[in-house]
Amino acid sequence: MAVRDVMDREIGDVILDVRNISLRFGGVKALSDISFDVREHEIRAIIGPNGAGKSSMLNCINGVYQPQEGSISLRGQTFRHMNSRQVAEMGVARTFQNLALFKGMSVLDNIMTGRNLKMRTNLFQQAIRFGAAEREETAHRLVVEGIIDFLEIQAYRKTPVGKMPYGLQKRVDLGRALAMEPEVLLLDEPMAGMNVEEKQDMSRFILDVNDEFGTTIVLIEHDMGVVMDISDRVVVLDYGRKIGDGSPDEVRANADVISAYLGTATH
Amino acid sequence: MGSFLETLFGGLMVGMLYSLIALGFVLIYKASGVFNFAQGAMVLFAALAMARFAEWIPQLTGLNNKLIDNTIAFVLAALVMVVVAWLIQKLVLGRLVNQDGITLLMATLGITYFLEGAGQAIFGNSIYKIDIGMPKDPVFIFESTFPGGLLVNKEDLYAAVIAALLVAVLALFFQKTSTGRALRAVADDHQAAQSIGIPLDRIWVIVWAVAGIVALVAGVIWGSKLGVQFSLSLVALKALPVVILGGLTSIPGAIIGGLIIGVGEKLSEIYLGPMLGGGIEIWFAYVLALGFLLVRPQGLFGEKIIDRV
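Chains A and B are the protein sequences, given in the same order.
So for the first sequence, the numbering used here puts the first residue at 9; every next one is plus one.
So for the second sequence, the numbering used here puts the first residue at 29; every next one is plus one.
Chain A on its own, in the form it takes in the complex (with noise of 0.2 Å):
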């Protein structure tokens, strides 16, 4: 894989801007003053050895956990006690480590799901198919095959997506989140459980929606080889707190993140 260039696409100002996050579950503390931005149109990674909290940091920019303190910002806009629905209304969209796809569906309505925010028509209009639902369906339905044509999945349109190879699956998912045509897209261990070809495969994905739509992605993995081959700048996490932030090389030079993950004896 080569080392991106950095110079054809503008890195923006800072679009989400998490300040001093904690959360707490109970007596656990799984986050504690967590601060770092994410500029727009950049790929941005989130690692850290399991049990780091980065799951968790993603479902509080998600809206699923509500941390008891600190703020996150979308362009300015302060969030707090939202939840992941109205995070999604403000163009955040996000896919799952354990995929959550609506497993008896096609692989054509789970992503159609994905515009259900951009849908006008109303519940009866629908029933009755007037014309604005048939023609509101039918753009939809365009901008949902671009985005299978993308994937390279359109031989599996109309397959369920519980019967497809797990790979595939994984790009169903983030298709979904495509469809909504989000500002910021979250990524969850978008390459757990692949083999070297489907992680490449992703990776060309992820590159290319970041290259093609300008969307600003925000990566959380635990595979350090992949995320540092293609994110711009990387956030470390270990035991709920930040140990290092930076370009891919400052964060792979760090002392304190090569004994997080290769453990040391000096502690």
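If you're looking for bench data, these hints aren't it; they were derived computationally from the structure.
Bear in mind that the values here come from a model prediction, so they are computed numbers and not experimental data.
From the three backbone atoms N, C-alpha and C, an ideal C-beta is built for every residue, glycine too.
Don't take each hint at face value.
Claimed, not checked - Here's a subset of chain B near chain A, in silico, CB distances under 8 Å, partners left out:
#1 R80
#2 E83
#3 P86
#4 Q87
#5 T89
#6 G177
#7 S206
#8 A210
#9 A213
#10 D216
#11 Q219
#12 Q222
#13 I224
#14 G255
Said to hold, decoys possible - With a straight-line Cα cutoff of 30 Å, these simulated DSSO-like cross-link-like pairs (lysine-lysine) come out:
#15 B:K332 with B:K58
#16 B:K118 with B:K94
#17 A:K166 with B:K58
#18 B:K58 with A:K171
#19 B:K94 with B:K204
#20 A:K126 with A:K166
#21 A:K171 with B:K332
#22 A:K111 with B:K332
#23 B:K182 with B:K253
#24 B:K157 with A:K111
#25 A:K166 with B:K164
#26 A:K111 with B:K58
#27 B:K253 with B:K118
#28 A:K171 with A:K207
#29 A:K37 with A:K126
#30 B:K164 with B:K58
#31 B:K118 with B:K58
#32 A:K111 with A:K166
#33 B:K118 with A:K126
#34 B:K157 with B:K253
#35 A:K171 with B:K204
#36 A:K126 with A:K111
#37 A:K166 with A:K207
#38 B:K182 with B:K94
#39 B:K204 with A:K126
#40 B:K253 with B:K94
Got chain A sorted already, so can you dock chain B onto it with the hints?
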């Protein structure tokens, strides 16, 4: 052969009605994980509303066209069920999000008593008639294929057609509209549905409203057959074995389960009745459900629950 087919037909008709009530259970269970004990009370409430509206409208407006009166009464009763759905979500279930299944079940038990009480307080507690002009006379069908043909009740035939139409409309709604797609999405995975911006509370109101309208149709059909009275809410007890048989999460399961139980109880009454002393119809469904619980607890079409250890 003729009498066997007549029994079979009779069973299918009754089964169709069981299916309708079971459908209400399944819709709500699939979308929200709530086992709605109040489905029977909703049938009673809806039927009472329909019966009384049909009675009041000619009195108030002087309109004496049965078709128009019944249509207005039906629409009004449907609106009442939508409001009931909205109130249940706002006042009860909306406040119990993320609670245990047993808590939600108990809440619907409370809703049951409330609806039974409120329904009789608002609409009265005697026996009312719903007369939607279904012909009561029996007819012979298939006279050319069988000697003597088959004797079926015209009313049952109409009821079966209405029930089948309702199921077809629901299937279209679920498969072809974007709201239907959102409903299916919520049924599959709440968390994921919320993350793509599907509003759970609105979806649940829609599901309860749909279940309410299904209850209304079931109530109208049963009511026009047997009259609207308190015992109507007990019909729902017959739907419990249906959902056990068909699987709590399967819409086709509810329909096929209803038909199996309807046919099963009629056939067993005729063919096993003489041997076992009759009265089989009353307990047949429950015993069949018990057998299913022992052998295939997820039902015919339900999802098998596999826990990771």
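Against the structure, the hints come out as follows:
no., hint, in the structure
1, R80, "violated (26 Å)"
2, E83, "violated (29 Å)"
3, P86, "violated (28 Å)"
4, Q87, "violated (30 Å)"
5, T89, "violated (25 Å)"
6, G177, "violated (40 Å)"
7, S206, "holds (5 Å)"
8, A210, "holds (6 Å)"
9, A213, "holds (5 Å)"
10, D216, "holds (4 Å)"
11, Q219, "holds (6 Å)"
12, Q222, "holds (5 Å)"
13, I224, "holds (5 Å)"
14, G255, "violated (32 Å)"
15, B:K332 with B:K58, "holds (14 Å)"
16, B:K118 with B:K94, "violated (36 Å)"
17, A:K166 with B:K58, "holds (22 Å)"
18, B:K58 with A:K171, "holds (20 Å)"
19, B:K94 with B:K204, "violated (34 Å)"
20, A:K126 with A:K166, "holds (22 Å)"
21, A:K171 with B:K332, "holds (16 Å)"
22, A:K111 with B:K332, "holds (14 Å)"
23, B:K182 with B:K253, "holds (11 Å)"
24, B:K157 with A:K111, "violated (45 Å)"
25, A:K166 with B:K164, "violated (46 Å)"
26, A:K111 with B:K58, "holds (13 Å)"
27, B:K253 with B:K118, "violated (34 Å)"
28, A:K171 with A:K207, "holds (20 Å)"
29, A:K37 with A:K126, "violated (38 Å)"
30, B:K164 with B:K58, "violated (36 Å)"
31, B:K118 with B:K58, "holds (19 Å)"
32, A:K111 with A:K166, "holds (12 Å)"
33, B:K118 with A:K126, "holds (25 Å)"
34, B:K157 with B:K253, "holds (9 Å)"
35, A:K171 with B:K204, "holds (22 Å)"
36, A:K126 with A:K111, "holds (23 Å)"
37, A:K166 with A:K207, "holds (24 Å)"
38, B:K182 with B:K94, "holds (19 Å)"
39, B:K204 with A:K126, "holds (17 Å)"
40, B:K253 with B:K94, "holds (17 Å)"
Checked against the numbered hints given earlier, the structure breaks hints 1, 2, 3, 4, 5, 6, 14, 16, 19, 24, 25, 27, 29 and 30 and satisfies all the rest.
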